[in-house]
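Protein sequence lines, in the order shown, are assigned to chains A and B.
Here my numbering is used: the first sequence runs in plain steps of one and ends on residue 396.
Here my numbering is used: the second sequence runs in plain steps of one and ends on residue 1251.
Hints in this document: simulated from the structure, not taken from any laboratory.
Don't take every hint at face value.
Said to hold, decoys possible - If you anchor each label on the Cβ, the simulated ranges turn out as follows:
#  : chain 1 : residue 1 : chain 2 : residue 2 : range
1  : B       : Asn1151   : A       : Val366    : 35 to 43 Å
2  : B       : Gln1085   : A       : Glu203    : 39 to 47 Å
3  : A       : Met364    : B       : Val1112   : 40 to 48 Å
4  : B       : Val1112   : A       : Val366    : 38 to 46 Å
5  : A       : Val102    : B       : Gln1085   : 28 to 36 Å
6  : B       : Asn1151   : A       : Gly64     : 29 to 37 Å
7  : A       : Phe231    : B       : Leu1116   : 20 to 28 Å
8  : B       : Gly1039   : A       : Glu203    : 24 to 32 Å
9  : B       : Lys1212   : A       : Lys8      : 33 to 41 Å
10 : A       : Ile181    : B       : Gly1039   : 53 to 61 Å
11 : A       : Pro340    : B       : Gln1017   : 41 to 49 Å
12 : A       : Asp192    : B       : Pro1184   : 38 to 46 Å
13 : A       : Ala85     : B       : Pro1184   : 43 to 51 Å
14 : A       : Ala68     : B       : Gln1091   : 56 to 64 Å
Stated by the list, open to error - So these bits of chain B aren't anywhere near chain A, every CB distance computed over 10 Å:
#  : residue
15 : Gly1015
16 : Ser1027
17 : Glu1097
18 : Pro1119
Glycine residues also receive a C-beta, built at the ideal position from the N, C-alpha and C atoms.
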Amino acid sequence: MTIRGSKKLWTGCAVGLVWFLILLWPMLGIKPEGFEFAATFQVFGYVAVAAVFVLFFYQVKEAGYLDAAGKPIQSAAGLIQRAYAKTPTWVLLGATLAVAIVFPLVTGRYAHDVAISVLIYICLGLGLNVVVGLAGLLDLGYIAFYGVGAYTYALLSLNFGFSFWLCLPIAGLLAAIAGCIIGYPTLRMRGDYLAIVTLGFGEIVRLILNNWMALTNGPNGILGIPRPELFGFDFRSLASLYYVILAIAVVTVLSVYRLNYSRIGRAWEAIREDETAAELMGVNTFLLKLLAYAMGATFAGFAGAFFAARMRFVGPESFSFLESAMVLSMVVLGGMGSIPGVILGVLALVALPEVFREFELYRMLVFGGVMTLMMLVRPAGIWPAKRVGRRSEEME
Amino acid sequence: MANLILDDICVRFGGLQALTDVSFSVSEGEVIGLIGPNGAGKTTVFNVITGVYRVSSGQASYDGATITGMRPHQILGMGIARTFQNIRLFQNMTALENCMVAQHSRSRTGVVGAILRSPSQRSEEARIQEKAQQALDFMGLGRKADEVASNLPYGYQRRLEIARALASEPRTILLDEPAAGLNPAESKQLMESIGRITNLGINVLMVEHDMKVVMGICNRIIVLDHGVMIAEGLPEEIQRNPDVIEAYLGQ
Chain A
1 MTIRGSKKLW TGCAVGLVWF LILLWPMLGI KPEGFEFAAT FQVFGYVAVA AVFVLFFYQV
61 KEAGYLDAAG KPIQSAAGLI QRAYAKTPTW VLLGATLAVA IVFPLVTGRY AHDVAISVLI
121 YICLGLGLNV VVGLAGLLDL GYIAFYGVGA YTYALLSLNF GFSFWLCLPI AGLLAAIAGC
181 IIGYPTLRMR GDYLAIVTLG FGEIVRLILN NWMALTNGPN GILGIPRPEL FGFDFRSLAS
241 LYYVILAIAV VTVLSVYRLN YSRIGRAWEA IREDETAAEL MGVNTFLLKL LAYAMGATFA
301 GFAGAFFAAR MRFVGPESFS FLESAMVLSM VVLGGMGSIP GVILGVLALV ALPEVFREFE
361 LYRMLVFGGV MTLMMLVRPA GIWPAKRVGR RSEEME
Chain B
1001 MANLILDDIC VRFGGLQALT DVSFSVSEGE VIGLIGPNGA GKTTVFNVIT GVYRVSSGQA
1061 SYDGATITGM RPHQILGMGI ARTFQNIRLF QNMTALENCM VAQHSRSRTG VVGAILRSPS
1121 QRSEEARIQE KAQQALDFMG LGRKADEVAS NLPYGYQRRL EIARALASEP RTILLDEPAA
1181 GLNPAESKQL MESIGRITNL GINVLMVEHD MKVVMGICNR IIVLDHGVMI AEGLPEEIQR
1241 NPDVIEAYLG Q
């Protein structure tokens, strides 16, 4: 490394540290009793030492002093990559599925609980991925469909004694209808306007759930929702519920994958790329945009029905804007339009915070930092949608 | 038999009269050039035919059926495909996928068929891919099938636009300045491609500024100026027409 490049890096580091200090001091230093400096500089000192150390290490590495140590690591990484490329896709998928099936047998209740949330969010993320990633319609009120699905099961099972398995398709259908109702007036809008209108609809659904006392029991929510049951088998344990949501998630992944690689998925992508050109190339944009909303909502409806059955309680606060924003973050962080990307995004935002529970206090700080960093260095997501090769070819 | 007939088309945007009483027809096997100074309304004619703009009065028909008032995707379904003056490919999709999208109106599989991957869906998908590949091969892009559209060089993108239009199996194709930005060798190649397109029995209506291309391949030329048709005829006639010369060069 030349002296010049090194100088630039150190300047950047110094500027970054000053910027950090300006951000840090007001938070730690301004107290009702007056200003304080000791605490700020203690934290700042740690960070500065760490930054200098990292930068020093980076420069040593760039200069080539660590090549001897780095070589084996690099060759191992290369080996793994080549092995990955060589393994047929079905082996990888089979292995993933096998791990998912065995998972509850070797873990405890807490892990089951986290895994169930992960799978619910995978369904939600993939559904939103159809709307945002494929059709390119920014939807900020997506969680409303999840709510529709949850309340559908809650109300039908409590008032009419419908079984979970009957309610699942009904929940999907009602959510799809809700999707069409929301989709229809927004079809003429694009970009920012669309986002605002969907945001409004999401809030409307939440407020209806919150205020329609006669039907939804308002903010108190609905209690005592029955568990799923199949031929006398009661899905009492978390592990058995895990398998239910795993099945729903697998169906969702398969459906989204197949839709993606069909004429419908291509038409959605064409709409995302250039709506006018898509219409002129024979795509009925009106119908297909509506279909994107309906399909995305259907998967949210399934997930919602399961959510109600698993929690045995639904309340309007589970369907707030923050949830919509979280699901959207998962899709964007993972990589829009990419199925493995969305799954990784969900794992990153649902499972990782659980792993780092000890750092509870700093969780949201790290979350914000990671999101900012990701959008700076990998704006296309963790696992961007694959754009090379024949996508129409069978890849199962 | 006349295929595409425009009858007294008028288009007004507020106070601006974009087209006034434009009437012409495109018959089977013809190559027609639409020329005129900038702002004469050539692209507006295309937008009227493909259903992007509504006409203020008059009507267009194709094979005896009225197409004014139809949605653009229905008009493509009737067999009229077009390209764009400023390239409008699906940038992040591969060349093959671009062409496969054009087959949308020629295929039927719905959501359920796609999710279940029914045998009819599989065979339809194979057919779509084959047609798309044929269109790419026809325009000499066969080996670029898996390339993402935005990574293709400009000349290839122009050709991909035509390939995409052809992939929809049209009987009439509207080319909006296909030679814009091409070098002489590429325009020559383009003329040769257009010749092969007409050999397939597809009629061509093109807007073009490159007179060498227009005079070289068009059977008939229509001249527009300020939204009014000022001349129509064979290339030789047009070149001698005093109105046309005045429109282009001023008095």
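Evaluated hints:
1. B:Asn1151 to A:Val366: 35 to 43 Å: holds (37 Å)
2. B:Gln1085 to A:Glu203: 39 to 47 Å: Since B:Gln1085 and A:Glu203 have Cβ atoms about 42 Å apart, the given range 39 to 47 Å holds.
3. A:Met364 to B:Val1112: 40 to 48 Å: holds (43 Å)
4. B:Val1112 to A:Val366: 38 to 46 Å: holds (43 Å)
5. A:Val102 to B:Gln1085: 28 to 36 Å: This hint is violated: roughly 59 Å between Cβ atoms.
6. B:Asn1151 to A:Gly64: 29 to 37 Å: With a Cβ separation near 34 Å, B:Asn1151 and A:Gly64 satisfy 29 to 37 Å, so the hint holds.
7. A:Phe231 to B:Leu1116: 20 to 28 Å: holds (25 Å)
8. B:Gly1039 to A:Glu203: 24 to 32 Å: violated (46 Å)
9. B:Lys1212 to A:Lys8: 33 to 41 Å: Distance hint for B:Lys1212, A:Lys8 is violated at roughly 53 Å.
10. A:Ile181 to B:Gly1039: 53 to 61 Å: violated (43 Å)
11. A:Pro340 to B:Gln1017: 41 to 49 Å: Hint violated: Cβ distance 55 Å, outside 41 to 49 Å.
12. A:Asp192 to B:Pro1184: 38 to 46 Å: holds (44 Å)
13. A:Ala85 to B:Pro1184: 43 to 51 Å: Because 44 Å falls inside the window, the suggested range holds.
14. A:Ala68 to B:Gln1091: 56 to 64 Å: Violated, since A:Ala68 and B:Gln1091 (Cβ atoms, about 45 Å apart) do not stay within the stated range.
15. Gly1015: Correct as stated: the minimum Cβ-Cβ distance to chain A is 25 Å, above 10 Å.
16. Ser1027: holds (23 Å)
17. Glu1097: At roughly 6 Å from the nearest Cβ of chain A, B:Glu1097 sits no farther out than 10 Å, so the non-interface label is violated.
18. Pro1119: holds (14 Å)
Hints 5, 8, 9, 10, 11, 14 and 17 from the earlier list are contradicted by this structure; the remaining hints agree with it.
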